[in-house]
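Here's the letter readout for the chains.
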Amino acid sequence: MANTLGMYRTVKRLGIPDSNIILMLADDVACNARNHFPGTVFANADRKLDLYGDNIEVDYRGYEVTVENFIRLLTGRVSPTLPRSKRLLTDARSNVFVYMTGHGGAEFLKFQDNEEISAFDIADAFEQMWQKRRYNELFFMVDTCQANTMYTKFYSPNILATGSSELKENSYSHHNDADIGVAVIDSFTHYILQYMEGQNSTSKTTLQDLFATYDPVRIKSHAGVRSDLYHRPLDQVRITDFLGAVSKVDVLPLDY
Amino acid sequence: MAAVYTQKHEAQVKGGPEEGLSLSHPVHSDTTRRWIVASYWLVVLLCLPVWYYMTSIERLPLPTERIGLLEGKRVTFPIKIDLDLGNQFDSVQRGMYARGMEEDLSLLKQQSIDFPPLDFEFTFNADRHPVDPCLQSETDEAEDSYYVHFRMVDVDRPFVTCGRHLVVGVKDTLRIPLPVTDAIRDLVAPYSNQKLHPTAAESRIAQYSPTYRLAFTLLNEDASVGGAATGWEIHEALSRYIHPTLTQLRDLHNFTVESQVQYFGGLTFDPQLEVSDGVQRWTLSEEQMSVFINSAEWTLTSGVSNDPVLHFILFVPSAERRPLVTHTTFVGQRNDSFVLPQWGGVVIHNPPIAGQGSPNTFLSLHDLSGPFNTFRAQLAALLGVPHFTPQVTALDRAKFGITPWQLDALKRRRSLENIANSADALRSIVHLVNQIENMPVGQDVLGQVDGALAALDATTPATQEQSSRSLSHLLAHSIDALTLSSQAFFNPGMIGLLYYPTEHKYAVYTPLFAPVAVPLVVALVRDLRGWRARRRAASKQKTE
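Protein sequence lines correspond, in order, to chains L and U.
Using the UniProt record's numbering, you'd call the opening residue of the first sequence number 1 and step up by one each time.
Using the UniProt record's numbering, you'd call the opening residue of the second sequence number 1 and step up by one each time.
Among the clues, some could well be false.
Partial list, computed: chain L residues near chain U (C-beta under 8 Å) [as the list claims (entries may be wrong)]:
hint	residue
1	Pro17
2	Ser19
3	Glu68
4	Arg72
5	Thr75
6	Arg77
7	Val78
8	Arg84
9	Ser85
10	Arg87
11	Asp91
12	Gln131
13	Lys132
14	Ser201
15	Val246
16	Ser247
Straight-line alpha carbon distances no greater than 30 Å define the calculated DSSO-like cross-link-like pairs of lysine-lysine that follow [unchecked claim]:
hint	chain 1	residue 1	chain 2	residue 2
17	L	Lys220	L	Lys204
18	U	Lys505	L	Lys168
19	U	Lys80	U	Lys195
20	L	Lys153	L	Lys86
21	L	Lys48	L	Lys220
22	L	Lys204	L	Lys248
23	L	Lys220	L	Lys168
24	U	Lys171	U	Lys195
25	U	Lys505	L	Lys110
26	L	Lys86	L	Lys248
27	L	Lys248	U	Lys195
28	L	Lys153	U	Lys505
No wet-lab data here; the hints were simulated from the structure.
Even glycine gets a Cβ: it sits at the ideal position worked out from N, Cα and C.
Work out the full structure, taking the sequences as your base and the hints as a guide.
Right, here's the structure in full:
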């Protein structure tokens with residue numbers, strides 16, 4: 001939860017509008033009766049940064065978060081009556097960032113408590129997106145146990161992937177909050193968010209810089225990067241290419 | 001039957017008590033028991049095809065061959081150019097120029113075959129044309145038919161267009177302006193000229209959609225300090241500046257227009273204050289322009305439909321920060337507006353009064369003329385209307401906004417794009433269906449694919465009649481093809497069933513079927529055993 005909300009906060013802060021973010025939260029922990037601090041989700045036990053905030057738009061909530069809905073969202077095969085906010089309206093010039101987190105294992109990630117999505121499903125969904133030119137470049141980030149297995153099955157071009165841990169390796173949470181009695185955030189996401197908090201929408205840092213901060217000792221697992229499907233050198237890819245909205249502007253000639 | 005009974009009876013007697021199977025104390029007679037076991041098996045066997053049918057995925061065969069053939073088909077656009085040398089040349093000159101023109105034009109034929117593929121047809125006609133073709137207001141001319149006239153002129157204005165007529169001004173009968181073919185090329189195929197259509201212009205163009213939503217926003221940076229624009233004559237401005245363009249583009253797109261006024265739209269940064277020659281102004285740097293849109297806080301569209309949106313923002317800076325201009329890199333560049341490629345445009349409007357506490361204003365049609373002319377240009381640029389070549393003067397530009405030459409070029413471009421995109425989508429469907437084995441293909445998908453193919457066939461010359469070859473028809477067919485092929489691709493029924501590894505299937509099926517299968521198999525084995533034992537006994541008896 002806090003993982004996803006942290007990413008949501010980051011991309012939004014870097015200028016991506018809510019209409020371009022599709023946030024899927026399988027559970028409403030902020031408003032759960034057992035949440036000791038109602039309406040808030042904190043990224044840290046010190047409770048300084050409320051990720052839930054005042055302005056949050058959850059597009060898929062609770063039992064809407066299913067494997068089928070996720071695949072439909074990616075491939076665009078949705079019911080014609082589905083509202084705009086629940087659709088991924090991207091085209092051949094869009095850079096797409098996909099972040100997934102939850103409990104997982106070798107080549108699968110659990111959705112809710114009874115479903116799972118396999119690495120094959122995601123790979124096929126991405127291929128279908130590529131075939132219909134629904135993305136220009138895609139950045140896939142996954143934080144789960146054995147996360148790096150999730151991106152091993154990809155075969156479509158222009159995909160860059162990163163995961164929190166290797167095969168047979170667990171991803172651990174960063175720390176617990178004793179007052180609410182649960183782990184608040186996972187290590188991998190925690191350190192990425194920590195890095196991202198130092199960035200703003202005009203930063204020129206590259207993904208190479210981000211990947212260089214991966215430290216197996218701190219994260220407590222070996223985070224991985226897969227870039228063989230990707231065509232640009234990573235030290236030339238700005239973080240804001242995926243996680244921010246920096247548009248190229250141009251000025252029309254006077255006689256247009 | 002009776003014989004069997006006796007045999008069995010004997011076998012039992014012979015076998016004696018050491019045969020501990022229940023066969024020795026049958027509840028049912030042998031035949032009944034066999035019928036019972038057989039009927040269970042029969043039910044299982046009969047259900048197998050039903051089970052197979054229920055679990056298999058409907059995959060109707062796609063017209064793969066027809067889709068494969070699309071690769072070879074190429075759309076060409078017929079261009080008829082009617083040349084009229086006028087009556088200012090004598091017969092020798094006329095023959096010479098006609099030959100020269102023909103040579104030049106044949107070069108043109110070879111040059112611009114790549115984008116878009118044009119099929120030129122030239123005719124020479126001298127007699128039927130009026131002295132000044134621009135005096136006759138012919139607006140209902142056929143698309144794709146263009147006229148080139150050579151006329152004596154006094155002023156030095158070599159190229160003038162009106163409607164689909166290009167008038168080449170000749171000052172001296174011995175010398176006709178040379179780049180006639182260049183002018184024709186720039187008019188007919190503006191996208192092929194890098195100078196006229198640079199990469200920046202290309203990347204501005206929004207992806208084609210049959211429907212668009214245009215969202216106009218009057219955005220005050222901070223109305224609380226006064227001097228804000230509290231309203232605007234949006235209806236009048238739209239109908240004067242925007243609607244004529246929309247009407248011209250109606251063959252291509254269907255537009256929905258919405259507008260709103262907002263009073264507080266803060267920026268996420270502070271513009272720089274620049275003082276030059278005693279005049280102070282606030283400047284947006286290029287970097288600031290790129291993050292100008294504060295999408296976290298500005299609500300720019302209603303989001304009621306799924307149509308792509310083009311945003312147009314009239315930004316009124318806070319009274320404390322006026323005038324606000326954009327950074328310019330060269331003299332003569334616009335400093336009041338910029339375009340966000342494929343997204344929309346921003347125009348900054350600085351009301352003359354500045355300073356805290358100044359009275360609010362209402363933007364009249366007169367105030368809006370500048371911004372809305374810019375919006376009109378931005379809209380045209382975003383929708384891909386080509387730049388009109390500067391070497392030609394369009395007399396009717398003020399009347400039309402977009403000249404027929406530009407409109408035809410745009411239509412050709414969009415048709416070509418749509419045809420290519422829908423053929424791509426169809427090929428992708430075939431590719432994916434072959435690749436992903438559990439992707440269903442239903443009747444509706446097949447219908448949409450067939451529809452798209454039919455529409456695509458209608459765009460290629462082999463199958464169509466002369467009458468339906470006009471550009472508008474071609475465009476309409478290409479739009480149909482695009483819509484149907486993307487509907488087929490995005491058909492909700494085409495979602496492949498999820499992938500399950502084989503071990504998962506075993507894990508699901510074994511606990512379910514093992515308890516059911518064990519008694520069935522055991523009963524069968526037991527019966528077979530009993531049957532074999534009895535046969536052995538019977539044959540032994542025979543030999544005895």
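Evaluation of the provided hints:
Satisfaction of the interface hint for Pro17(L) is found here, the shortest Cβ-Cβ separation to chain U being roughly 3 Å, below the 8 Å cut-off. Nearest Cβ of chain U to the Cβ of Ser19(L): about 6 Å, under the 8 Å cut. The hint holds. About 7 Å separates the beta-carbon of Glu68(L) from the nearest beta-carbon of chain U, less than 8 Å, and the hint is met. For Arg72(L), the interface hint holds, the least distance from its beta-carbon to any beta-carbon of chain U being 6 Å, beneath 8 Å.
Interface restraint check: Thr75(L) against chain U, minimum CB-CB distance 7 Å, threshold 8 Å, status holds. With a least beta-carbon distance of about 5 Å to chain U, the hint placing Arg77(L) at the interface is held under the 8 Å criterion. Interface restraint check for Val78(L): the shortest CB-CB distance to chain U comes to about 6 Å, inside 8 Å, so the restraint holds. Hint status for Arg84(L) relative to chain U: holds, with the closest Cβ pair at about 5 Å, below 8 Å.
Taking 8 Å as the C-beta contact cut-off toward chain U, the hint placing Ser85(L) at the interface holds, the least distance being around 7 Å. The criterion of a C-beta within 8 Å of any C-beta in chain U is met by Arg87(L), whose closest approach is roughly 7 Å, and the hint holds. Hint status for Asp91(L) relative to chain U: holds, with the closest Cβ pair at about 5 Å, below 8 Å. Given the 8 Å rule on beta carbons, the hint for Gln131(L) holds: about 4 Å separates it from the nearest Cβ of chain U.
With 8 Å as the threshold, the beta carbon of Lys132(L) comes within range of chain U, its nearest partner Cβ sitting at about 6 Å, so the hint holds. Given the 8 Å rule on beta carbons, the hint for Ser201(L) holds: about 5 Å separates it from the nearest Cβ of chain U. The beta carbon of Val246(L) comes within 5 Å of a beta carbon in chain U, closer than 8 Å, and the hint placing it at the interface holds. The beta carbon of Ser247(L) comes within 5 Å of a beta carbon in chain U, closer than 8 Å, and the hint placing it at the interface holds.
Of the supplied pair hints, the one linking Lys220(L) and Lys204(L) holds, its CA atoms being roughly 28 Å apart against a limit of 30 Å. Pair hint Lys505(U) plus Lys168(L) holds up; C-alpha atoms about 23 Å apart against a cutoff of 30 Å. A threshold of 30 Å between alpha carbons decides the hint, and for Lys80(U) with Lys195(U) the separation of about 25 Å falls inside it, so the pair holds. With a C-alpha separation of about 26 Å, the suggested pair Lys153(L) and Lys86(L) falls inside the 30 Å cut-off, and the hint holds.
Distance hint between Lys48(L) and Lys220(L) is fulfilled; the C-alpha atoms sit about 24 Å from each other, no more than 30 Å. Simply put, Lys204(L) and Lys248(L) have alpha-carbon atoms about 14 Å apart, close enough for the 30 Å limit, and the pair holds. Between the alpha carbons of Lys220(L) and Lys168(L) the distance comes to roughly 13 Å, so the proposed pair stays at or under 30 Å and holds. Between Lys171(U) and Lys195(U) the CA atoms are separated by roughly 28 Å; this keeps the pair inside 30 Å, and the hint holds.
Of the supplied pair hints, the one linking Lys505(U) and Lys110(L) holds, its CA atoms being roughly 17 Å apart against a limit of 30 Å. Between Lys86(L) and Lys248(L) the alpha-carbon distance is near 27 Å, which keeps this suggested pair within the 30 Å criterion. For the suggested pair Lys248(L) and Lys195(U), the alpha carbons sit about 20 Å apart, so the restraint of at most 30 Å is met. For the hint linking Lys153(L) to Lys505(U), the alpha-carbon distance of about 20 Å falls within 30 Å, and the restraint holds.
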